[in-house]
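A.B. asks: Each chain, letter by letter, is given below.
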Amino acid sequence: MSTWIAIGLTALGCYAVKVAGLFVPEGALRRPFVRRLAALLPVALLAALTAQQTFADGRALVLDARVAGVLAAAVVLVLRAPFLLVVAAGVVVTAGVRAMGG
Amino acid sequence: MVRDALGVGVAVGLSGFAFGVTSAGGGLTLGQTCVLSLLVFTGASQFALVGALAAGGSPFTAAAGAFFLGVRNAFYGLRLSQVLALPRLLRPFAAQWVIDETTAVALAQPTRRGARIGFTVTGLSLYLLWNLTTLLGALGAKAIGDTDAWGLDAAGPAVFLALLAPMLRSATERAVAGLAVVLGLGLLPVLPAGVPVLVAALAAPAVLLLKGRRDGRAPGDVTGEDR
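So the protein sequences, as listed, match chains A and B. Here the first sequence stands for residues 6 to 107, numbered as in the working numbering. Here the second sequence stands for residues 109 to 335, numbered as in the working numbering.
Partner residues are not named here, just some residues of chain A that face chain B (Cβ under 10 Å, in silico):
1. Ile12
2. Ala49
3. Leu54
4. Ala65
5. Ala70
6. Arg71
7. Ala93
8. Val96
9. Val102
Short, incomplete list of chain A residues facing chain B, as computed with Cβ under 10 Å:
10. Thr8
11. Phe38
12. Val48
13. Arg64
14. Ala73
15. Ala78
16. Val97
17. Val98
Since the hints were made in silico from the structure, they are not lab data. Please read all numbers here as calculations on a predicted model, not as lab measurements. From the three backbone atoms N, C-alpha and C, an ideal C-beta is built for every residue, glycine too.
Input sequences plus hints: build the corresponding full structure.
C.D. replies: Written out as structure tokens, the structure is:
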């Protein structure tokens, strides 16, 4: 049930901001601070989420096969490989390290 | 142009598949996974939500994190409403397709007609593709059983990293990302699940305010009555 609550809230919230962008008068979102903040919020959230989903096991921080996988993804990313290869590198290396008992 | 469109399609299809797998692997049912893609239709928010729920977060903190990631779509909508000049009655229907990819395609067109066609074609095809690949991913996850053994728990952070990397253009972005990582990991053991990500989001206004102060601008220029 609580999963459905989360889904409902997310669906409503995400749709509301999409609609708001199409209807809101220009001035409201034109302020430089607001625009800069909107551009930086995803940076903060994505960075925190990447780190947590790499190192978190529940509420503990651990080093396991995911670290190797995400590092591999980062290397592939630096080499300017397409999205597919980045995700594939993360998955394959994680699975490989785990299969070797890591 | 066709190559770009194909590239976008392949990337979206793959992340849809990865989302289906991640969501099913995180314990959501097939129905819940598909409803998310149908009704939310903004990838980063969906990944964040299922990640937070899988980690044991409350529905409210999980939804809040997903919501803040979706806020950028409001700014896309602002640009698009000028470029597309949609009638008011159409806007609630067009809104669901206001995402990173449709905005990029529509804004790249030289004419209003081109922008409208680009937005509609990209929106419709990505919506169908995203939902189809979500379904396939969720079914696939059920079929293979233990998704962690296949390393699929690394798909989420790899997707986030791939989305994040192009945003790290200047020192400001890197400072925000670095502070957010420290807050997100440092607070993880001490705050309830889902909350550390929300606190980490404060890295954005914090760095902006510090930067505004260091650049010696009058506080009014940077923050004004926003606070």
